[in-house]
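The primary structure of each chain is shown beneath.
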Amino acid sequence: MTLAADPIADPKRALRAARWAEFRSFARRFLRNPLGVVGLVIVIALLLCAALAPILATHDPYLPTLTDRLAAPGAEYWFGADELGRDIYSRIIYGSRLTLLIVALVIVTSAPVGLVIGAVAGNYGGWIDRIFMRITDVFLAIPKLLLALAFVAALGPGIVNAALAITLTAWPPYARLARAEALVVRNSDYVNAIRLAGASDFHIIVFHIMPMCLSSVIVRMTFDMAGIILTAAGLGFIGLGAQPPLPEWGAMISTGRKFIFDQWWVATVPGFAIFIVSLGFNLLGDAMRDLLDPHLRQRR
Amino acid sequence: MTTPASRSLRLLFGLASWLLTVAITLLGLAALTFFIGRVLPIDPVISIVGEKAPKAVYDRVFLELGLDKPVWAQFFDYITKILRGDFGTSFATNRPVLTDLLNFFPATLELSTIGLLLGVVLGVPMGVASAYWHEKWPDHVIRVVGLVGYSVPIFWLGLVGLFVFYYRLGWVAGPGQLDVFYVGVVDRWTGSILLDSALQGEWEIFFNAISHMALPAVLLGYYSLAYISRMTRSVMLDQLNSEYVLTARLKGASEFRAVVGHALRNAAIPLVTVIALSYGGLLEGSVLIETIFSWPGIGNYIYSSLFAADMNAVLGGTLLVGVVFVFLNMLSDVLYRTLDPRAR
Numbered sequence: 001m002t003l004a005a006d007p008i009a010d011p012k013r014a015l016r017a018a019r020w021a022e023f024r025s026f027a028r029r030f031l032r033n034p035l036g037v038v039g040l041v042i043v044i045a046l047l048l049c050a051a052l053a054p055i056l057a058t059h060d061p062y063l064p065t066l067t068d069r070l071a072a073p074g075a076e077y078w079f080g081a082d083e084l085g086r087d088i089y090s091r092i093i094y095g096s097r098l099t100l101l102i103v104a105l106v107i108v109t110s111a112p113v114g115l116v117i118g119a120v121a122g123n124y125g126g127w128i129d130r131i132f133m134r135i136t137d138v139f140l141a142i143p144k145l146l147l148a149l150a151f152v153a154a155l156g157p158g159i160v161n162a163a164l165a166i167t168l169t170a171w172p173p174y175a176r177l178a179r180a181e182a183l184v185v186r187n188s189d190y191v192n193a194i195r196l197a198g199a200s201d202f203h204i205i206v207f208h209i210m211p212m213c214l215s216s217v218i219v220r221m222t223f224d225m226a227g228i229i230l231t232a233a234g235l236g237f238i239g240l241g242a243q244p245p246l247p248e249w250g251a252m253i254s255t256g257r258k259f260i261f262d263q264w265w266v267a268t269v270p271g272f273a274i275f276i277v278s279l280g281f282n283l284l285g286d287a288m289r290d291l292l293d294p295h296l297r298q299r300r
Numbered sequence: 001m002t003t004p005a006s007r008s009l010r011l012l013f014g015l016a017s018w019l020l021t022v023a024i025t026l027l028g029l030a031a032l033t034f035f036i037g038r039v040l041p042i043d044p045v046i047s048i049v050g051e052k053a054p055k056a057v058y059d060r061v062f063l064e065l066g067l068d069k070p071v072w073a074q075f076f077d078y079i080t081k082i083l084r085g086d087f088g089t090s091f092a093t094n095r096p097v098l099t100d101l102l103n104f105f106p107a108t109l110e111l112s113t114i115g116l117l118l119g120v121v122l123g124v125p126m127g128v129a130s131a132y133w134h135e136k137w138p139d140h141v142i143r144v145v146g147l148v149g150y151s152v153p154i155f156w157l158g159l160v161g162l163f164v165f166y167y168r169l170g171w172v173a174g175p176g177q178l179d180v181f182y183v184g185v186v187d188r189w190t191g192s193i194l195l196d197s198a199l200q201g202e203w204e205i206f207f208n209a210i211s212h213m214a215l216p217a218v219l220l221g222y223y224s225l226a227y228i229s230r231m232t233r234s235v236m237l238d239q240l241n242s243e244y245v246l247t248a249r250l251k252g253a254s255e256f257r258a259v260v261g262h263a264l265r266n267a268a269i270p271l272v273t274v275i276a277l278s279y280g281g282l283l284e285g286s287v288l289i290e291t292i293f294s295w296p297g298i299g300n301y302i303y304s305s306l307f308a309a310d311m312n313a314v315l316g317g318t319l320l321v322g323v324v325f326v327f328l329n330m331l332s333d334v335l336y337r338t339l340d341p342r343a344r
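Protein chains in written order, with the working numbering: chain A, 1 to 300; chain B, 1 to 344.
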């Protein structure tokens with residue numbers, strides 16, 4: 001036991017304790033929302049599927065068994081087999097990796113790009129703001145799937161190009177969000193104080209505007225993930241996303257389309273996977289918004 | 001003091017700056033499609049004519065695109081051409097892209113309009129009910145219905161719908177706009193198959209068209225319902241909690257009058273924007289739905305052009321949908337201003 005309180009370690013410890021308490025109260029409020037918990041469970045299950053794919057899968061997702069072409073669901077093939085006799089269940093398990101890959105690629109590129117553009121526009125105002133926001137509006141003026149489609153048509157199909165194309169359609173909402181936040185923060189007293197103290201615009205944008213956007217960005221991201229999954233599946237379905245033999249869910253529906261009337265399982269089962277996963281992200285996003293959105297919190 | 005003259009001057013100025021904004025957005029849209037078509041591909045000629053094109057065709061297109069000129073001159077040419085309605089030639093159909101687009105657009109418009117009507121007629125009351133019984137079981141049911149609509153891949157729902165309602169139950173007709181033997185019987189007056197067949201008294205064809213349209217229209221309706229009911233709910237929640245609704249109730253207005261006559265009437269203004277936006281969303285949803293249902297619309301045109309490597313057609317279609325989108329936004333802006341006395 002020390003006599004004098006340690007002036008450096010104590011505040012840090014207090015801060016850590018406060019953060020822990022805040023997290024616990026956040027978790028408690030989150031657990032009170034059953035739909036949000038369902039969403040969380042689905043998302044965790046998706047992560048586990050991707051991580052443990054080799055263990056969970058019962059067959060090789062790429063190895064054709066032509067004698068079992070279009071086999072019906074049963075003991076050997078839980079969800080049936082596709083047109084090359086590959087196990088649909090195993091392909092869906094491996095497909096979760098592709099889904100996560102696309103979502104991750106899009107999120108790590110679009111959110112920062114949108115944040116920077118929005119924060120810069122909001123911070124400087126004037127002409128920079130006007131030009132940046134016009135560009136944002138133009139991107140918002142074309143339906144997402146169509147823009148992504150045109151991009152991939154120009155770039156060539158493939159999983160990375162598809163992710164790139166979705167990124168190009170996904171950044172504008174983040175820019176809008178960051179700009180709105182920046183406009184509020186820019187003229188607040190504490191920002192003026194650090195500006196007077198000599199902080200650069202760069203410092204203000206990175207350390208004071210962007211952190212303020214974080215909670216709305218996280219909510220937006222969770223919602224976006226469902227949209228990204230659907231757009232990616234749509235591109236895969238059209239044939240512009242992941243190419244065969246990759247077990248991308250949208251592409252699997254596309255190949256199963258030919259057999260929809262007689263071997264319905266080939267096209268329908270991957271659709272359930274897409275549906276459940278995007279439902280999971282939507283439920284999670286709903287719950288997160290209820291908890292994190294400051295506007296909603298004020299109302300209650 | 002504002003004199004009438006200064007007010008009308010201000011109005012004129014506002015109109016001018018607003019038109020300028022729209023013009024800049026449209027210009028940006030054209031710049032985007034120009035960028036996608038000419039700058040992004042390694043060889044824009046090949047992306048238009050395909051790899052197997054003979055040398056003569058290649059050279060002709062190379063000159064037509066003006067690829068020997070600097071980029072800004074190409075862009076200027078592109079804009080002037082678009083303003084004259086020249087979107088280039090579709091190499092798949094060998095017709096001007098504009099002709100093709102005008103040919104296919106009415107079918108898309110018809111389908112998405114019916115989808116939107118379904119979405120509004122069902123979605124708005126659902127949203128109101130959801131807000132009125134906030135956190136009670138009707139609210140939970142309606143929210144889940146909406147969330148499912150948000151999360152389901154629409155092209156998959158189309159396939160499942162075809163399997164169940166066409167193949168298994170036989171309640172609706174299959175893909176396409178009409179049965180094969182009806183195609184081309186009705187003269188093309190408006191481009192809308194329902195209107196044309198009704199106007200010409202071909203009721204058999206009219207009902208056949210409805211049977212073909214039912215499934216895709218209901219799916220698009222569900223797609224927009226999800227968004228509309230969700231937004232209606234959130235707008236109505238704000239209104240129902242406000243003091244004027246309480247006042248109306250205190251004054252003895254009936255529940256129906258307080259909710260519909262007062263709250264919904266005020267909620268209608270933001271809802272106009274929501275509905276306009278979801279109309280745009282339907283144009284997007286129709287790309288996937290049309291490919292599933294072989295619907296002879298813009299979406300199907302873009303889809304088949306993609307596989308013919310017909311970039312002119314793809315970009316023309318994208319530009320058209322983008323322009324429609326911008327005009328829908330404009331329309332909702334105008335409606336907002338005329339409906340909301342505060343924005344006047």
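Note that these hints are calculated values from the structure, not bench results. Remember, it's a predicted structure, so these values are computed and weren't measured experimentally. Glycine included, each C-beta is placed from N, C-alpha and C at the ideal position. Some hints could be false.
[Claimed, not checked] Heads up, incomplete: computed chain B residues facing chain A, CB under 10 Å, no partners named:
1) Phe35
2) Ile79
3) Phe165
4) Tyr166
5) Tyr167
6) Leu169
7) Val172
8) Gly280
9) Phe307
10) Val323
Against the structure, the hints:
| no. | hint | result |
| --- | --- | --- |
| 1 | Phe35 | holds, 9 Å |
| 2 | Ile79 | violated, 14 Å |
| 3 | Phe165 | violated, 12 Å |
| 4 | Tyr166 | holds, 9 Å |
| 5 | Tyr167 | holds, 5 Å |
| 6 | Leu169 | violated, 13 Å |
| 7 | Val172 | violated, 14 Å |
| 8 | Gly280 | holds, 6 Å |
| 9 | Phe307 | holds, 8 Å |
| 10 | Val323 | holds, 9 Å |
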